[in-house]
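**Student:** Residue numbers (the numbering used here), protein chains in the order written: chain A, 1 to 275; chain B, 1 to 279.
Since the hints were derived computationally from the structure, they do not count as laboratory data. Just to be clear, a hint being listed does not mean it is correct.
Said to hold, decoys possible - Think about it this way: if two alpha-carbon atoms lie no more than 20 angstroms apart in a straight line, the pair counts; the simulated EDC-like pairs of lysine to aspartate or glutamate are: (1) A:205 with B:159; (2) B:92 with B:167; (3) A:205 with B:198; (4) B:171 with B:276; (5) B:7 with B:47; (6) B:92 with B:10; (7) A:205 with B:156; (8) B:182 with A:243; (9) B:22 with B:107; (10) B:92 with B:147; (11) B:227 with B:159; (12) B:227 with B:49.
Unchecked claim - Here are a few chain B residues that sit away from chain A, every Cβ distance over 12 angstroms (derived from the structure): (13) 9; (14) 177; (15) 276.
Ideal Cβ placement from N, Cα and C applies to all residues, glycine included.
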Amino acid sequence: MTTPPPSEAYHFIKTRTASVPRLGLILGSGLGGLASKIENRIEIPYREIPGFQSTHAVGHQGCLIFGSLEGVSLVVMAGRFHRYEGYSTQQVTFPVEVMKLLGIEELVITNASGGINPQLKVGDIIILRDHINWLGGVLSPSRKMNAQEEWNLATHRHASDFYSRKLSEQALGIARQNDLPVFPGTYLGTLGPTYETRSEYRMMKVMGADVVGMSSIPEALMGKQLGIDPLVLSIVTNVATPDQQNIADHDEVLLVGQKTSVFVEILIRNLLQSL
Amino acid sequence: MLDLYDKIQDACRTIRERFPIKPKVAIILGTGLGDLTEEIDVEVTIDYEDIPHFPKSTATSHRGRLVCGHLAGVPVVAMEGRFHLYEGYPLKLITLPVRVFKELGVELLVVSNACGGLNPYFNAGDLMVIEDQINLLGDNPLIGINDDRLGPRFPDMCEPYDQSWVDRTIKLGRDLDLTIHKGVFVAVAGPNLETRAEYRFLRTIGADVVGMSTVPETIVAVHCGLKTVGISVITDMCLPDALKPANVQEIIAVAGRAAPNLQAVVRGIVQEAGTDRIA
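Modelling step: build the complete structure from the supplied sequences, incorporating the hints.
**Tutor:** What follows is the structure in structure tokens.
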């Protein structure tokens with residue numbers, strides 16, 4: 001299945017809104033609450049946008065929201081596409097291409113994850129410093145990349161440069177000022193949709209992962225390729241306890257997401273103010 | 001993807017026509033372990049070709065038929081010949097039989113495989129009951145739109161293999177005076193065997209044995225709520241610092257020698273399951 005060029009989606013969106021968003025925000029499982037806070041909003045359901053898929057995951061809504069927050073114009077993805085839903089990497093990352101065309105200069109991605117690092121607690125927020133990509137699939141933009149864009153991924157050999165230094169430092173500063181449980185860490189992206197076995201959790205700890213989830217890396221890679229250093233916030237919605245059995249529950253994930261979304265809102269509002 | 005439900009019904013209908021008894025246990029036989037079906041009082045054997053939507057087997061030493069009958073007086077279905085990712089089959093197809101067994105009313109799934117031993121305390125020819133698993137196949141049978149009629153979107157995997165059956169299997173082994181270890185099975189896609197560096201890696205991440213099957217079937221069994229007990233036959237030792245080239249003849253010979261032990265254990269499990277209210 002070939003995706004139509006992102007320009008088609010861009011032109012369609014332009015018939016609905018003249019908004020030029022400064023920042024793109026992708027909201028993960030259970031974090032949709034923040035979407036309702038957007039002012040002067042215009043919502044466009046994914047199913048109407050050429051090239052967008054429809055989301056099936058519970059806790060994901062499935063529309064683009066244009067508007068502003070703290071005086072900054074933004075575009076919000078309420079609901080995202082996952083590899084475990086059967087979508088290709090290209091389909092998952094297509095909205096990032098469209099958001100870039102719409103003019104975003106910053107990309108903030110949120111997700112829900114499982115805590116591997118035993119120091120983590122439910123409700124903690126990890127700012128990605130690095131990731132381990134076990135999602136498979138090849139990043140394949142729907143249009144040909146120019147020389148600079150080709151270079152963007154190739155030159156960042158130092159993981160510390162992959163994610164936005166500027167936004168990470170700011171977010172950590174905001175967390176200190178507001179006493180929020182925010183820490184830098186490494187995110188392991190897996191295909192899912194099964195949760196991990198106890199042995200897989202033990203493996204992931206040995207590998208050096210702090211949190212594990214099923215999303216975000218493809219979108220972050222696409223942002224990076226298009227010249228935007230992303231910021232990824234990962235909310236720890238359950239913690240791995242491989243040595244004592246504990247049943248993971250998606251409803252619990254959603255509930256923690258809702259509670260912690262207050263922290264995420266504080267972080268994002270303050271970040272927007274400082275832009 | 002929602003057509004999976006109908007495919008399961010189609011396959012069930014065909015099997016029920018030929019074998020109207022409700023099976024209590026389903027058995028999946030791994031490479032070189034097909035002889036177990038000789039223990040079964042066969043009622044009917046159905047070629048996979050005759051079962052709608054079933055995959056067709058290609059691997060050497062796998063036959064490709066469903067043996068239906070009684071083992072130790074308990075109604076069973078046994079898959080003689082199973083399917084692997086390395087053969088090019090999609091995981092959804094490979095795991096369809098598991099869903100069919102669940103729909104037929106099976107209460108316990110027994111999966112067996114031939115594997116390489118990573119834990120240096122193991123020996124070629126030993127059996128291992130699978131306590132837990134690691135999926136390094138790079139794929140998952142549940143990718144795609146989830147059909148909520150078949151199972152949850154995000155299955156929990158904290159106990160993929162029924163722990164009480166792990167304990168009971170070990171006890172069975174002791175009663176039969178057999179070596180049965182307990183350990184972690186890691187599945188890789190194959191079909192090449194691992195390099196020495198890969199064996200070191202697999203050991204480091206916590207695996208005791210490595211194979212190219214079983215994990216997809218178990219994930220789907222968890223998804224559809226079917227209790228699973230897994231038994232590995234260690235057909236060669238994969239010790240990276242004393243690695244010899246793999247000898248297929250020798251591996252098959254070891255599998256052949258271990259087969260009677262596996263048969264005895266599986267027979268014991270089926271017998272216990274028969275006297276037991278599993279669910």
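**Student:** Hints first: check each against the structure and report whether it holds.
**Tutor:** Right, here's what the structure says about each hint:
1. This hinted pair checks out: residue 205 (chain A) and residue 159 (chain B) have alpha carbons roughly 19 angstroms apart, not beyond 20 angstroms.
2. Pair hint residue 92 (chain B) plus residue 167 (chain B) does not hold up; C-alpha atoms about 30 angstroms apart against a cutoff of 20 angstroms.
3. With a C-alpha separation of about 18 angstroms, the suggested pairing of residue 205 (chain A) with residue 198 (chain B) holds against the 20 angstroms cut-off.
4. Simply put, residue 171 (chain B) and residue 276 (chain B) have alpha-carbon atoms about 16 angstroms apart, close enough for the 20 angstroms limit, and the pair holds.
5. For the hint linking residue 7 (chain B) to residue 47 (chain B), the alpha-carbon distance of about 17 angstroms falls within 20 angstroms, and the restraint holds.
6. Our distance criterion of 20 angstroms between C-alpha atoms is met by residue 92 (chain B) and residue 10 (chain B), whose separation comes to about 16 angstroms.
7. Restraint check for residue 205 (chain A) and residue 156 (chain B): the C-alpha separation of about 19 angstroms stays at or below 20 angstroms, so the hint holds.
8. Restraint check: the Cα-Cα separation between residue 182 (chain B) and residue 243 (chain A) comes to about 16 angstroms, which is no more than 20 angstroms; the hinted pair holds.
9. The straight-line distance between the Cα atoms of residue 22 (chain B) and residue 107 (chain B) is roughly 10 angstroms, inside the 20 angstroms bound, and the hint therefore holds.
10. Taking the CA atoms of residue 92 (chain B) and residue 147 (chain B), the gap is near 13 angstroms; set against the 20 angstroms cutoff, the hint holds.
11. Pair hint residue 227 (chain B) plus residue 159 (chain B) holds up; C-alpha atoms about 10 angstroms apart against a cutoff of 20 angstroms.
12. Note on residue 227 (chain B) and residue 49 (chain B): the hinted pairing is violated, with a Cα-Cα distance of about 27 angstroms set against a maximum of 20 angstroms.
13. With a cut of 12 angstroms on Cβ distances, residue 9 (chain B) stays outside the contact zone with chain A, its closest approach being about 22 angstroms.
14. Once the 12 angstroms rule is applied to beta carbons, residue 177 (chain B) is consistent with being away from chain A; the minimum gap is 29 angstroms.
15. The claim that residue 276 (chain B) lies off the interface holds: its Cβ sits roughly 22 angstroms from the closest Cβ of chain A, which is beyond the 12 angstroms cut-off.
In summary, the structure is inconsistent with hints 2 and 12 from the numbered list given earlier, while agreeing with the others.
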